[in-house]
Amino acid sequence: MGVYGFFTRRNLITMLMSIELMLNSVNLNFIGFNKYVWPNKMDGLFFTIFIIAIAAAEAAVAIAIIINLYRSRQSVDVENAEEMKY
Amino acid sequence: MDAFFTLLKHELLVTALIFILLLLKISRTIKNETLLPLIQLLLLINCAAGFFWNEQGSLFDSMFYTNPLIALQKNILNIGVYLISLLFTDWFKKTAHLAEFFILLLSALLGMFFLISSGNFLMFYLALELATIPVAAMANFDLEKKVSSESAMKMILSSAFSSGILLFGISIIYGVTGIINFAELAAVVNNSTIQLLAFVFLITAFAFKLSIVPFHLWTADVYEGSPMPTTAFLSVISKGAVAFAFITALYKVFQPVAGVWYNMLMVLAVITMLVGNFFALRQQNIKRFLAFSSIAQVGFILLGIGSNTANGAGAVVYFILIYIFSNLAAFGVAAIISAATGKENIDDYKGLYKTNPLLSWILALALFSLAGIPPTAGFFGKLFLISSAAAKGSYAFIIIAALNMIISLYYYLKVIRAVFMDKNEKPIEKLQVNVYAKLGLFICGAGIVLLGLLSWVYEYIQAVVQ
Amino acid sequence: MNLLLLILIPLATAIAVLTARTKQQVRWVSFIGASIQLFATTGLLSAYRSARAAGQNAQMLFEQQYNWFPNWNISFHIGVDGIAVAMILLTAFVVVAGVLVSWNVEKMTKEFYFLLLLLSLGAYGFFISLDLFVLFFFLEVAVIPKYLIIGIWGSGKKEYSANKLALLLMFGSALILVGMLGVYFGGGKSFDILQLSATKIPFEAQKICFILLFAGFGVFTALFPFHTWVPDGHSSAPTAGSMFLAGISMKLGGYGALRVATFLLPEGAKEYANIIIVLSAIGILYGSFATLMQKDLKYMNAYSSVSHCGFVLLGIGMLTKTAIAGAVMQMVSHGLMTALFFAAIGMIYERTHTRQVNEMGGLLKTMPFISTVLFITGLCSLGLPGLSGFVAEMTVFVGAWEHADTFHRVATIAACMSIVVTAVYILRAIGSVAMGPVKESFAGLTDAKWNEKLAAVILLIGILAVGLAPFWLQDLINPGAEIIIQKLSAGK
Amino acid sequence: MQNVLSIALIPLLPLAAFVLLGLFGKSFLKKAAGYIAVLFLLTATVLAFYTAYEYFFVYGKADGVYQKLVPFKYAWLVFNDKLSIDIGILLDPISVMMLVVVTLVSLMVHIYSLGYMKGEERFATYYAYLGLFTFSMLGLVLSSNIFQMYIFWELVGVSSFLLIGYYYNKPSAVAACKKAFIVTRFADLGFLIGILVLSYYSGTLDFNTMLTTLTSPESSELKSAVSGSFLGVSALTWGMLLVFIGGAGKSAMFPLHIWLPDAMEGPTPVSALIHAATMVVAGVFLVARLFPEFALSAPEALQVVAYIGAASALIAAVIACTQTDIKRVLAYSTMSQIGFMMFALGVSDFDNGGVLGTSNLGYTASMFHLFTHALFKALLFLGAGAVIHYVHSNEMKDMGGLRKHMPITHITFLIACLAIAGVPPFAGFFSKEEILLAAYKGNKLIYYIALFTSALTAFYMFRLYFSIFWNKEYQKHRNNQHGEGGMVMMLPLVLLAAGAALAGFIPFGHFVSADGKPLESEFHLAFSIAPVVLGLAGILTAWMLYKKQNERPDKIAASLSGLYKSAYNKFYVDEVYTFITKKIIFKLIGRPAAWFDKKIVDGMINVTGSITQTISEKIKGLQSGKVQQYAVYFLVGGLILAVVIMYL
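Chains as they are written, first to last, in the working numbering: chain A, 1 to 86; chain B, 1 to 466; chain C, 1 to 492; chain D, 1 to 648.
Same shape as in the complex, but just chain A:
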């Protein structure tokens, strides 16, 4: 779902949300494995916690960047940010 969203959405904020979705799916993975496959190890849980923390940091920076982009272009559409190519 997350990947799909990332590929198709044109709004940068939505794309960022898609990525969060992807990360959350990984979180689910870790928690699931931890709970059902390796119940006696806590690594998965820790991992999840850290992922959440990092995702937050990442989102913060990303949103800052997107705001900056918006200031210069008056748009958060990804297709308006294709100045550099080839």
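The set of hints was computed from the structure by calculation and includes no laboratory data. One thing to keep in mind: the hints can contain errors.
[Unchecked claim] Once the Cα atoms are required to be at most 25 Å apart in a straight line, the calculated BS3-like pairs of lysine-lysine come out as:
#	chain 1	residue 1	chain 2	residue 2
1	C	107	B	414
2	C	439	D	598
3	B	414	D	598
4	B	145	B	93
5	B	423	C	23
6	D	587	C	295
Since chain A is already given, all that's left is putting chains B, C and D on it; use the hints.
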């Protein structure tokens, strides 16, 4: 001294620097003119200090691991950062948030140190993000430029996407083995399908960072849009750090499946070189040009990594050291010109030699080193990489690699031609290069010439590797 | 005799040039440096001869070895045998002449001389090195100066030519590199030529590596069909550039093909000798016929270089002692002769501002010295006895004739035919340049100046020394050729 | 014994003159150039005569046979154990004879040129060239090694190139010297390959050694050489034929003669030196030098020599009848006479009653004719030079009635004409008689050709003579101030005339024969009647046609128009060559080669470049600038990698 301090020395030093900068920033406003020399001095001290008291050992339940080789790698990165602080003086003086920039830069560096030293996936992931997110912010430092924020956006989104994939891979491994510690993991790695899938996902993360084709596409755009120091940092320091980490991961953890990744790396190396070269052929913007050329260089690094021998590892470290000098020299010259005139196109460089012979020679030296032409060090670096790959006997790849050197020479010569041969009605006027940048260029130039001819550098690296 | 001198003198000269202030200083410094080098090489010659006369029978003399990259078994191993001494002498002659001829370069004089000296440094290093890695290093050192010299100081479509030259030569070096690595891993992980020659490299590896190495060096010495850099490169280069290219650079390839490809990989050489012969015979004939159609003097000489260098490769391909000795002599002879030819062309061009044969005429009247020089080199090129070309070509022919089978015979005869074609184009050129009615526009031109005269005389001395008294050169070369042949025949 | 130094000085003195005049001729030796050269050559001539005397009468003979002596030899270039180029001196009857001939003629030319070339701007250069030429020629005849001979052979070629092209700013002279050099060069290719063949089979380059290995029936080399065959002809025969091609080129044998008439562009004394006496007979000398090998081991090749010689003699004589340029007439006559010498060798045998069963008279006759011909042909050329000097034209139509204006020239020229026409008792008579006799014994067909040719010779020579000195009255130009020429020009004429008149009485066979043993020259009065009568008939015809200015020659020419025209145009051989070189070599080989190089080989490189560029252009779409597409590639790449790894 306590093991904690010696082993964690590099990291602690960098952290200390970050705090110093923070304090300075908070306490009062210092002019860039005074702050910059201070930073340069601190970085120099940091650099020098890195060479002492390097020991082997691990900390935090083997989440952190270090040895002389890793220390050496960190030192190399330190040198690179010091050079960056020197070379881009012009840009630093102009920027409004000098302290912040260096805080971000040093944080990224810290992330890289941990990345190299990481002994476990959690550490690895954290370090990777620490090494990435500040850089994305750094990419946006030319606040008034549209392209700068565009590149930052591309960087942060791509890297987030890539870390998503990486995490997915890690979660699979965790699901299969229940282990996230490298040392333990090495014992259980095998080439079952599911593990290989996870392995590939892991590799994509490295590949993304190293800009291996086809995971390289962000590179050029980000390089072009970002401010020069960021580009230089990305292309040199970050590449180096990831390459070191890659070696550690492959040699330490995935040694059991070496048969699988050997071929893969060779193929990737060749493709990377080809694509990098083909794109570099047509570039007009010097930064974009260097971006693609650095992709091609990564192809060569991969050859060395793929060789899976101590010689290969040594060659990679050696090459990256050389690469730092050469690429930084090239970026440095480009930055000086760009800062003074705003010109970044190769066509604008026409007739540069007439007005700025010194810059031209340094640029030429750097480019020849990148192209692997003696007597510059790049020749030795490339030769050793290719030789170590040849030890496996895969001559087909070697021949393609050697042919790629020709293509790359072609486009490097394009720049040389513009600088030395083409006539220009209005060449770039004579530039005043400030003393720090001059020092930086001089160090780079000396490095390019001497690193190859003086074999003890290589011998030292090789001794450390073994 | 310390061989390191041979690379230290040019290096010191190059650095001195960089520190020189005025153009005049630059010129004199380079000239003095090159002359010292010339004396050093003649000293080397006499030292070599006396050492041999004193009964030192080692294959290489004056050996020195320093560890360089012990990890790869790379050592800075240098030494010379007679063949190398001959090539070094050639280089020294050409360098001095080249420095003198470039006296009029006003544009970026300092850089020009610096690059020239760097180029010569590469050549000297190449000839004295006994380690493949070192050899390759010096080979490549010589590439980029050529590119810059052509690109910056050249004429005509210089960028195109410079590019083509650099890329093709890099292509050659790429092949050499791979072949070299093959030898390294096939021959017990050593780059040392002497060690390698003592080990037996597996046949399969020999075959592959020989192709790579020979083709690689072949690119440098204009092996058909890799010769296309030669005409463009030579014709676009400034005078000294052409002299160095033809006189020195092409010899690097020939020497490498002999010393590395043939000497180290005798089995491979035997396997592919026939192909070499065919290609070089084609190159010889084809080069000479292509020369017929040229109107530009430099193109003419460039194509004739293709033809003449074909003799070098033919000699090597024949794998007999006489032929190989002939190949080396041809290298020396061709180096001196083309250098002189290009020098003469350059002098003419400087005055008439044209290189088109049909636009000139009667220059013998206005510039007798230059025309005479042109004439003598022309004669040398067509193999007149008493000049160096004859000696070399005849030695190759006689050596080639030692094979009795039809294949070798046909190839040899084909090669012989080129001497007629050579006569045709040389006389055509001289006939319309030096002879014929004097063009009015050229009536007021002056003859050579002192520096040009000196340059020409130095090269002429070389040509005559080889042409009139070939025995000393032969004494020099023969032991070296002998060893190569022993290696070839021992391989069975 | 022999004094090496005195012999070696003979070639070295002209060389010294060359070097001296070449280096300093323009500066401080300018005035004295001519005298220095003459002095040097005079010394050389004296030494040559001294050597000849010593050789023939003092030490040359052992057991009644003239020995081949090698007083000096130095290994100049050692190819391998067997083959080496030695620079040496070989003395035998023919080389000693040639020494005399060459120095003598050269000396005459040197002296003559003092007058003829007076006032030339490049006077010293001219003498330098003469010196070089003389040196090369002397080196050639003294060669002890076939490769040494080749060396000097080439040097002769180049010095003749220089001399012919002396008037370098005259386009025709440039063309002529180029042609001369290239044609002979082409022939030299044959010589060179021939040398290679011979050296391979005989295992030596040395003349004396080669003589033993290739002629003694026991030698293994000979056996292998004869058994090794190519296209049904033995290798040795091929070798000899190839060598002969070289000789034919230098000696202007048909069809390699085309350079000779054009070469008359050089100064006339040069023509005398090159074409009369020295260079053109080099081919004959070569065949004579290798005669034992020819006669004993490769008789087929000798046959070829004979027929080529005869054909050349005839063709040249016919052409000579139609030419109007007096120097060209002489040139063709030279060719014709060389033809005589060649076929004389061709019909000869090594010794009486040898393999061919004929006599060895031809060899002696040939050499004898070479000797006499040198004298009278040099005289003819120098005489013609005097005439040209006087009237400033080469064309017959500008001459006539000159006998009163230049009496000495007239008389000497007449003597020469009589000599060449074979009228007794002049020199030519004796040598030609011997040749005819040899031909009669050896090959009847050739004998008849020779007979006819000698009649033609008499005709065209006297056509020339009458046209110059009789015919119409000479209209003296106003601007022609000088007379017949000074002492320096007349002296050589007189000396040579004396030689031409008297040389026939030398008992040549005593000194020169194929096997070194003295040969009694046979003389049959009855046999001589036919040639002499025919010769006189030729003279008579010429007298009738050309003594007075009249219409008859034109009428005859008109009635024989086809033959006349083709002969006048030298049987179109030149045109054939032009066709071959222009159309075939340049258009069909040279141009395609150049084209191939430009388009295909160069194209290959450029195409490689442009392919790279195109690929680079084509794949630029990958880098679309869209971050989402990047991610797609990323994922797809990753998946492909995963699939490849997991399932392969």
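Taking the hints in turn, this is what the structure says about them:
{"no.": "1", "hint": "C:107 x B:414", "in the structure": "holds, 21 Å"}
{"no.": "2", "hint": "C:439 x D:598", "in the structure": "violated, 31 Å"}
{"no.": "3", "hint": "B:414 x D:598", "in the structure": "holds, 24 Å"}
{"no.": "4", "hint": "B:145 x B:93", "in the structure": "holds, 17 Å"}
{"no.": "5", "hint": "B:423 x C:23", "in the structure": "holds, 22 Å"}
{"no.": "6", "hint": "D:587 x C:295", "in the structure": "holds, 15 Å"}
Going through the hint list in order, the structure does not satisfy hint 2, though it satisfies all others.
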